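Visitor: Here is what each chain is made of, one letter per residue.
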Amino acid sequence: MIDFARVTYTYPDATRPALRDVTLSIPDGAFALVMGSSGAGKSTLLRCLNGLVPHFSGGTLTGRVTVDGLDPVAEGPQGMSRTVGFVFQDPEAQFVMDRVEDEIAFALENAAIPPEEMRARTTDALEQLGLTPLRQRKLETLSGGEKQRVAIASALALRPRILALDEPTSQLDPQSAAELLDALVRLNTTLGLTIVLAEHRLERILPFVDQVIYLPDDDAPVLAGPPRDVLPHVPLLPPLQTLARTLNWSPLPLTLEEARHFMSTDLTDETDFLNPLKSVRSVDKNTAIVEARNLEVTYGPTAALRGVNLTLYHGEIIALLGRNGAGKTTLLKSLVGLLRPSRGDVLVEGRSIARMDVADVCQRVGYLPQDPNALLFADTVLDELHITLRNHGIPPADAPIAPETLLECLGLADKAQQYPRDLSVGERQRVALGAIMVTQPGALLLDEPTRGLDYRAKAQLLELLRAWRAEGLAILLVTHDVELVAEAADRVMVMEQGEIVAQGNPADVLRAAPTFMPQIARLFPEQDWLTVADARYGLSCASTPSS
Amino acid sequence: MLHAVAWFVWLVAALIVVSTTRNPLYLTLALAAFLTTARAIRQPNEPSAAPLAPGRFALYVIPLAALINALLSRVGETVLLAIPAAWPLIGGPITAEALVYGALNGLLLTALFAAFTVLNLAVPVRDLIRFIPRAFYPVAVVASIAVTFAPTTLRQMQQIREAQAIRGHRMRRLRDWLPLFMPLLTGGLERALQLAEAMASHGFASETATAHTGRAQAACHERSRMVSILGLLGILSGGLLTAWRQTFWGMALIVTGGAAIWGALWLTGRSVPHTTYRRAPWGYREWLVTGGALVAVAGFLFLGQATRTYNPYPALTWPAFDTFTGTALLGFLLPALVVGGHDD
Chain A
11 MIDFARVTYT YPDATRPALR DVTLSIPDGA FALVMGSSGA GKSTLLRCLN
61 GLVPHFSGGT LTGRVTVDGL DPVAEGPQGM SRTVGFVFQD PEAQFVMDRV
111 EDEIAFALEN AAIPPEEMRA RTTDALEQLG LTPLRQRKLE TLSGGEKQRV
161 AIASALALRP RILALDEPTS QLDPQSAAEL LDALVRLNTT LGLTIVLAEH
211 RLERILPFVD QVIYLPDDDA PVLAGPPRDV LPHVPLLPPL QTLARTLNWS
261 PLPLTLEEAR HFMSTDLTDE TDFLNPLKSV RSVDKNTAIV EARNLEVTYG
311 PTAALRGVNL TLYHGEIIAL LGRNGAGKTT LLKSLVGLLR PSRGDVLVEG
361 RSIARMDVAD VCQRVGYLPQ DPNALLFADT VLDELHITLR NHGIPPADAP
411 IAPETLLECL GLADKAQQYP RDLSVGERQR VALGAIMVTQ PGALLLDEPT
461 RGLDYRAKAQ LLELLRAWRA EGLAILLVTH DVELVAEAAD RVMVMEQGEI
511 VAQGNPADVL RAAPTFMPQI ARLFPEQDWL TVADARYGLS CASTPSS
Chain B
4 MLHAVAWFVW LVAALIVVST TRNPLYLTLA LAAFLTTARA IRQPNEPSAA
54 PLAPGRFALY VIPLAALINA LLSRVGETVL LAIPAAWPLI GGPITAEALV
104 YGALNGLLLT ALFAAFTVLN LAVPVRDLIR FIPRAFYPVA VVASIAVTFA
154 PTTLRQMQQI REAQAIRGHR MRRLRDWLPL FMPLLTGGLE RALQLAEAMA
204 SHGFASETAT AHTGRAQAAC HERSRMVSIL GLLGILSGGL LTAWRQTFWG
254 MALIVTGGAA IWGALWLTGR SVPHTTYRRA PWGYREWLVT GGALVAVAGF
304 LFLGQATRTY NPYPALTWPA FDTFTGTALL GFLLPALVVG GHDD
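Note that the protein sequences, when read in sequence, are chains A and B.
Using our numbering, the letters of the first sequence map in sequence onto residues 11 to 557.
Using our numbering, the letters of the second sequence map in sequence onto residues 4 to 347.
Extracted from the complex, chain B is given alone in its bound form (with noise of 0.2 Å):
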């Protein structure tokens, strides 16, 4: 297993990497770098966490945007078929260009689903829930239970229909679901008070231990709220700079409020007395994987500057192809070469 934080670092790359290009020669081999990715690290013995492959994605997808765009737009110089222009919305020229842009809008938004694929299938819901930052740890255990809670209740219903079932009801109109659904709220109510019983009784959430640490930390409390409100401050006036074309002083606020906002939070976390069981080891497998990733997205962002744009219209052309960029789309491969063979 990997260290979470490397497979956050590797998926950040990714996105970015797919959501600046339209090349369909890039966004095809990253693609394919994330499904081999996927494919290696899948363990064998256990079936399929996704509960959608990316492959069948792509087959849904790829063609109805493609359909949608060439419905919709008009744009393009290859016309393969007009449409009665008094048909409301659809009416016109269906271009190639246009067919081609939807598809490539299709093949980006595989793109995005191969790489969730890669990190749901990497990392255990709970162990992102892990990297909820601790001063929300609250929310972090609250997103935990909901994961126990869907399967449960999924249990319930089923236990609820048959009963239902047994004394004769069928289902036929709307209103009866009702008999299904009032026991599993009121179940659930139960269940979730229950819980939170279990969870208090279990010290979760337990206020400060004594009267002096609970004094200094409401003085910390209030402090990082103060400069998380300042940080907040400046992303805003940032972005208005920004929008103003100041560009390096807006960038400037923005990265400096992020990093107060970061900072607050992990004052705040600080403060939240927590410790965890689960030891997650930063090795040379984390360093390489994102490395990897590192490398994938500058090389992309800086050799692909010329290539990575690409546009059908008005006329469809070949893509442009850049070697180094393109080699660089590589990194992403690192998990499927480190990941594998020797897993613990």
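Okay, chain A solo, but in the shape it has when bound (with noise of 0.2 Å):
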């Protein structure tokens, strides 16, 4: 179906090629996963698939890619875009029509099919993604998850035989990311799609996959195939795989089921267990920094937050779940006076923000918005350090710590004369803490800081919330990532619906939900373990008596 003959290609002004001498082959009817780093050429992958590599980028393109018996790079992207249904990260960015199912016939539309078909087709593509009751709907009325399927099910009306996906799960809740794989499936086995995704997390997506296709960072050769011959070749994997694979468990399981079987085999149920001595991180409960107390916030109609109350102590982790709209965001931006409560109150430092400037708030409670490049404008790295600094009317000299050391902290500071907007996802993330964390606030608020990462830079996130914890800073964490908040966190609270449901120490919290399990915590429920160091911990203590 889809075949690669020694494909390099090379981006315009690059010095480098994005994709260098790809050889590879997709059969028929597959779910095939690219995986591989940020910048490592998934994107430019899946767009070699209908022509938007070389025909939008530019660029030099030698080797021979094949489509179905076609070749993307003489077709063109309108050519192929009966042959391969495109579908982006940001579904929002890609809708040209206001309507649900005016943007499914668009498509059609440019096609000129018939009036009748059109009709049909676009009923059709409604109904294979569960959006039929959806289909009068105005599209900025939808969901996440919602609208991510409108994106997909306008890429099928034109009944393509490869559906391509670039990272569409990546602003999704772990529920709607969900449901929008189980679709995936559906399509996959009942009409028989080749799917092609590129996904950083692969938690949920490895079950279903039967191709992948691994882009390495240095110029090692790209791995293609099924997902157990090239898995033990890439280096980061969900930690299920980790896990497995530190255990020697071979094949590589890729569900938990497979994964079970191991351990009836290697682990008996005598087999005695020790729990791993979490770290009770003895939390100063006189050092509150933030504190809100019975906050409530409304926009017009409808209430965003009821009546939240939390306190965040110097020193620890609050991990902050909850699906989309759940009132997360909004929680964030009143804590640092962005948004005013209609009832409640506010304290940094003991006193309240009401009255206070969001600017001097938030010179003690830093704030990192979800898309950082909202916040990066300067010319050079060490310059939106600067920036911030000036902002807030600090010399340079009295910046309670130096820029310099600030960057070398974040692992930028070989990057301090860069343009921002040319560094990697996770590059300029940390450029955003950086120009958020130049004043030394006591406290830092997060809003999905893994959004987009892949999982180095997600460990180097996590490496630095660690030493800014045991520095002593207070951090609140918005995410969707579980796995991350059995890494990090200290606390956990659940919000649904604009009020906090659950809170506690993650393994309770974290294993009370389904949807919020770790994968570590899911393979081995009786134990209290939600990470890959908590389970070999455990099992190397268990396996210690019986050898």
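These are calculated hints, taken from the structure and not from any lab test.
Careful, some of the hints might be misleading.
Claimed, not checked - Stretch-level coverage of chain A by chain B, calculated; a stretch enters the list once three of its residues show a Cβ under 8 Å from a Cβ in chain B:
id: 1; segment: 57 to 66
id: 2; segment: 105 to 115
id: 3; segment: 135 to 142
id: 4; segment: 157 to 171
id: 5; segment: 237 to 243
id: 6; segment: 383 to 389
id: 7; segment: 437 to 449
Unchecked claim - Here chain A is said to cover these stretches of chain B; the calculated rule only asks that three of the stretch's residues, wherever they fall, bring their Cβ under 8 Å from a Cβ of chain A:
id: 8; segment: 163 to 177
id: 9; segment: 180 to 190
id: 10; segment: 198 to 206
Just so it is clear, the structure is predicted and the values come from calculations on it, not from any experiment.
Cβ coordinates follow ideal geometry from the N, Cα and C atoms, glycine included.
The task is to assemble the complex, starting from two chains supplied on their own in separate frames and drawing on the hints.
Guide: Here it is as structure tokens:
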């Protein structure tokens, strides 16, 4: 179905090729995953399938791409539109129309499909993605998951044989992401659609995948084939496979069921596990830095927060979980004064922020919004930090931390003179963190910090947060990423419809709701483990007496 | 929902009527008809799409137009007060006639505004875009995107303002806007590029399917280009002839030229393979609305010849009113009668 023969592609003005000598083939009806770190060329590879590369990007492409017998380079994206349906990362950025059914029909209108058939196809595409009840709705009123399904439906309307998706779940909460994946699996099995998907979050996808394409960072060759052949050569994997690798489980389990099979042979029920010594952090309850008291925020008639109480102490990481629209971002914004509550109060270092300027609050409480791009505008990374200092009227000499020192701590020392927007997603985020942390606030609020980050960037962020926690920073982390929560959090809170519905230590809260369970917790439901490190520690203690 | 073309006919008729008279009685009558229509077709549950109600518009525009004209015009017999002649520009007598004439201009503008308000309420912007000739289909889509782009850009602006506020940014001087515009601009460009990619992947503006039709199309394009150039020449020379008082031949040339251009557009449009999803049926209500508008404009132009011109200069007089002409104007009310109730 898809063949790459020695494909090398270089973007215009780039010194290194984005794809180097790629040879691979994806069979008809496959569910293929394209993996690799940010900047490894995943999007580039997908864009080769329908001719966006090189038609849109320019640059030079050598070698030969064949998709369903066609040459995308010769056909161009318009010509390939009936063969390859393409879904982009951000559904909103690809909508042309304003209503669900019009958006789906857009491609059909361009293809001059007769009106009768157009209706039939639109109805069909709506049905396949479970969108029939939403067909008359305005796109702006849909949730993120619904929008992404509309994007898929509009890509399917032309009845392509291949569906290419570029990180389609990166903006979705775990439930919506799971629903989206279910829809894709259904399309794959019932319609025999070939699916090619680029993704960072492998946890949920690996069980469904039958082909993996791994794009390494260095000049090593691209690996393609069934997951079990490729995954052992990939350095960073989800917790389940990481654990399996350290325990030498072979063949590598892709699903929890497969992993449980190893457990029943390796580890008997009599094995005496030991729970790891959780480094129970003794938080000084006298050092609250941010405190929300009975906070209520309303948007017009709807209440976004209904009486939220929260205290954030120095030297702890609180993780805040919840579906999209539960009020998590609203809470963060009201904690720094960007939104004013209709009732209740926020205290920062014991003082109410009701009469304080946002800028003054943010000198004490740093806030990293979801899209760090909104922050960055200076010519160099170092400038971004200096601008924040200047905004606050702090001369560089009096800065609580020298910008250069902070950049070093962020791992950006060698990028100080670069243009921020040229950096990778993870690096840009760390620049934004630098621009916020240069005033050395006592607390840091992060909104979805792992969105779009690959495993390495995530690990770097985690390390940074842990180091700051050790120095006494209070951190509130809003995220969908339960594996990150498992690694980092000292306390977990769950929000639903503007209320905190559960809170407590991570092991208890994460194991209470199935959608929030980290992989390791699913694998060892009897144990108190959340991370690979927990499991390794527990297992090593357990195996010592038996061997 | 009425067919958008019916609304177009209604609008053009309304514009013709309003722009050919300054008789305050007819203008007021037409304005009343437009406002009634606007009230009738407004969806009760949807918030008003118009950013400015015609009433509010009138409140600003009529006094303003009256004042400006009164200050600048020196004609008229009824002097209300005199500004010392030494004052530059505005010095001189202020006359009641000039005041009335200015107010009439304001009234006319209000009526035009009300007519557009009706169209704005009746036809969503996207439906309007659908009536851009198919030959200009890419233009139509660009317009459609612009409609989507504006609210997204506003949202992004808000996001950036917050992001800058949290790093201590304060808006004091003009230069402080720079941190807002740089991310907005780059973000906007990135989004535009992504949208372009998405549209190409959806087969938008696809080139011809095969080489064969491609050649046929190229020939067709060539032909229609020739025709439209000829049409344009026709209109130009027609215009010149009219200027030399050869009105009949001039008009004939203009009409033929216009028809030729329209035909060329239609031909080119036919070669752009495209179908539309939404079906807009043309039923009796559309006939009634177009019919009403045509009766109004025809009645007004033919019956109202004597009464539709009104000039307050040199001295104020009571404007004339012809009952038949006035009645014809009620044709603009037909949408208010046929829309609503059974709105599907």
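Visitor: Taking the earlier hints as the rules, which of them does this structure contradict?
Guide: 3, 5
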